[in-house]
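There are 2 protein chains.
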Amino acid sequence: MTRSTDAKEARLKAVRRGMRDIGAAAAIFGLSSNLRYLTGFTDEPGERLLCLIVGCADEPTFIVPELYAAEVRARTSGFVMRVWRDGETPEALLSGAAKGLSGVAGRILLDDTLWSTFALSIQRAFAGREFGLASEVMEGLRLRKDEQEVGVMQRAGEIADRAYEAVTSQKVAGLSEIELAGRLEAEMLAHGAEGVAFQTLVASGPNSAMPHHRAGARRIEAGDVVILDFGCRVAGYCSDVSRTVVCGDAPAEVERVYDAVRRSYVAARDASRVGTPAEAVDRAARDVLVKAGYGEQFVHRTGHGIGLDVHESPYLVEGSDERLEEGMTFSIEPGVYLPGRFGIRVEDVVVVTEEGERPMTHAPHELKRVA
Amino acid sequence: MTRSTDAKEARLKAVRRGMRDIGAAAAIFGLSSNLRYLTGFTDEPGERLLCLIVGCADEPTFIVPELYAAEVRARTSGFVMRVWRDGETPEALLSGAAKGLSGVAGRILLDDTLWSTFALSIQRAFAGREFGLASEVMEGLRLRKDEQEVGVMQRAGEIADRAYEAVTSQKVAGLSEIELAGRLEAEMLAHGAEGVAFQTLVASGPNSAMPHHRAGARRIEAGDVVILDFGCRVAGYCSDVSRTVVCGDAPAEVERVYDAVRRSYVAARDASRVGTPAEAVDRAARDVLVKAGYGEQFVHRTGHGIGLDVHESPYLVEGSDERLEEGMTFSIEPGVYLPGRFGIRVEDVVVVTEEGERPMTHAPHELKRVA
Chain A
78 MTRSTDAKEA RLKAVRRGMR DIGAAAAIFG LSSNLRYLTG FTDEPGERLL CLIVGCADEP
138 TFIVPELYAA EVRARTSGFV MRVWRDGETP EALLSGAAKG LSGVAGRILL DDTLWSTFAL
198 SIQRAFAGRE FGLASEVMEG LRLRKDEQEV GVMQRAGEIA DRAYEAVTSQ KVAGLSEIEL
258 AGRLEAEMLA HGAEGVAFQT LVASGPNSAM PHHRAGARRI EAGDVVILDF GCRVAGYCSD
318 VSRTVVCGDA PAEVERVYDA VRRSYVAARD ASRVGTPAEA VDRAARDVLV KAGYGEQFVH
378 RTGHGIGLDV HESPYLVEGS DERLEEGMTF SIEPGVYLPG RFGIRVEDVV VVTEEGERPM
438 THAPHELKRV A
Chain B
78 MTRSTDAKEA RLKAVRRGMR DIGAAAAIFG LSSNLRYLTG FTDEPGERLL CLIVGCADEP
138 TFIVPELYAA EVRARTSGFV MRVWRDGETP EALLSGAAKG LSGVAGRILL DDTLWSTFAL
198 SIQRAFAGRE FGLASEVMEG LRLRKDEQEV GVMQRAGEIA DRAYEAVTSQ KVAGLSEIEL
258 AGRLEAEMLA HGAEGVAFQT LVASGPNSAM PHHRAGARRI EAGDVVILDF GCRVAGYCSD
318 VSRTVVCGDA PAEVERVYDA VRRSYVAARD ASRVGTPAEA VDRAARDVLV KAGYGEQFVH
378 RTGHGIGLDV HESPYLVEGS DERLEEGMTF SIEPGVYLPG RFGIRVEDVV VVTEEGERPM
438 THAPHELKRV A
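These protein sequences, in sequence, are chains A and B. Residue numbers for the first sequence follow our numbering, so the first one is 78 and each next one is one higher. Residue numbers for the second sequence follow our numbering, so the first one is 78 and each next one is one higher.
Rather than coming from a laboratory, the hints here were simulated on the basis of the structure. Each hint should be verified, as a subset may be incorrect.
[What the hints assert, rightly or not] Facing chain B, according to a computed beta carbon distance under 7 Å, are these residues of chain A, among others:
1. Tyr145
2. Ala147
3. His289
4. Glu402
All C-beta atoms in this analysis are idealised placements derived from N, C-alpha and C, irrespective of residue type, glycine included.
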């Protein structure tokens, strides 16, 4: 997303305010969605330490390996940069940062996804301090999406819809799960995605009963139930959609389970109102499946927040009394898994508004038969 | 890779031996290449804690979120499994593990890429203990690849070669970097890759001067230098190759820099002999570019080890006196970057053998002109 410098400064200001509120001296961000949110820059994490240190008072400082330096300079502004070269280590730069903060009381917050190898280096450099997680501050900031964020998420949803339509109108029987996943991903890239949001899941036949099965070598055949779970990124923001299709004709039991999952999905949508606790949405979905006799086979929560991360707050899960607010975006994805046989999942991401919830993806919810 | 249970047991045994040697009580692995190496199972890391605790004495214990449970059971054997459900937290399971190890002296090793959110939970559960990194043990074990590992890496290399050939024989001008990256990735999947090894880099025109530029919206045009840097996975093992092509005719300076980079690459290949220190390979590559007047523009190390991780030991970098051994696999990838103008990089992964080094990829090294 092209964010004006003003918007980025407002975000950094909010982070500092949040840190002061909870008694943190600094937050250290790695190559993560938090870094992208604050600076516009990110990349896949790697073995070279690249981090942004945001102290309560000073200018934020980037510690950057030299081969990223040109790009960080080109894509960000308003930061101090300390560069280290291959053949050196960044330890001295971390110690320098620790020294600079030695007069500031408070905990050091670590980016939640920062690798342990860096966390232990930071703990050595900041010896004697207490540590917390950046999410203590960032979660609240990122929870409600603004109009621009919702706009790019809708675009990411449209691209996923088009890929689904393209892939399921062609013959599917005979393809391996990986081939079908590859087609979905290529279609999303061809329609303007910046990348995939996560490794596409294609779970066919008995594999569909494993909710976290990725795509494998298994070839899809007539009679298979196939779960497709995929999404892409636009300006860093994710889409995430699941549809269950059947290759050829569906046995009556598949129809029955599908119908229950679909009703569960609708119940969760209906419950997604401003002010509702997150766990109430989970309960609405779960109640339908319990009544249908599949409560034990719905082995995961009903949904997860989504934005710059595929999974972020709010989580629609038992025990969460977090109340839904306008601008929150999350998946609704009840599923039933019958081990060794088949599984069914239906998923869309919705955004909560004062007028009700609105889906980001629009592929039909009827059980689709594919060739 | 389908590893016999025996081979996995031998690996676990080696880990335990390594832990005893350095005075560690346990190692805790997340969703990582180390976990795949030891158990055959891995996945993208996510916000739910999934880890394997390998103690010096007890049976190794998986802590697993319920929705992964069926898959972990199906894909692994010989492990104790402790399952937690959405709506619970894994804290009690971590505390239980800490209690079980309370009589065993020694440090707790954290998987290097384990997220800080989990590292801090583990540090709370194992309060009062010292922490180290799993790489202290794992690096040595994974450094030399056996015949089976080299075999799948060669296969991953062949697939990358075929994708390169397919993509560069078609018209490239007019495509965006992202579209070209998408084509490379789709070709690799179509030729049997299990997935991409990393997000494909396509850096065109001035972007090629930023060594870590990913693919963006820029459209490739006549006269552009384009760096393609890509790779795929077979059975978890990675390929990684870079070629620089020119769209249409190359200015004389591009030819000159290309020639220097290619000679630098050859020098590094020639230096890659059993017993040579890693830094000597870096020096061999660097000396050529210094003599050609581009020493300052070669801003990164000459190469990195590769296997289940795209970047792992050994690193070919100044200051590393690690001696090359048979079975080590690493990239050789000198590059020259002229900011604002263009960059050149040539890269292959090689395996060290007693008879000399052998490349995993075979695309020609001449500067290729694409349409």
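Going down the list of hints, with the structure as the test:
| no. | hint | in the structure |
| --- | --- | --- |
| 1 | Tyr145 | holds (5 Å) |
| 2 | Ala147 | holds (5 Å) |
| 3 | His289 | holds (5 Å) |
| 4 | Glu402 | violated (20 Å) |
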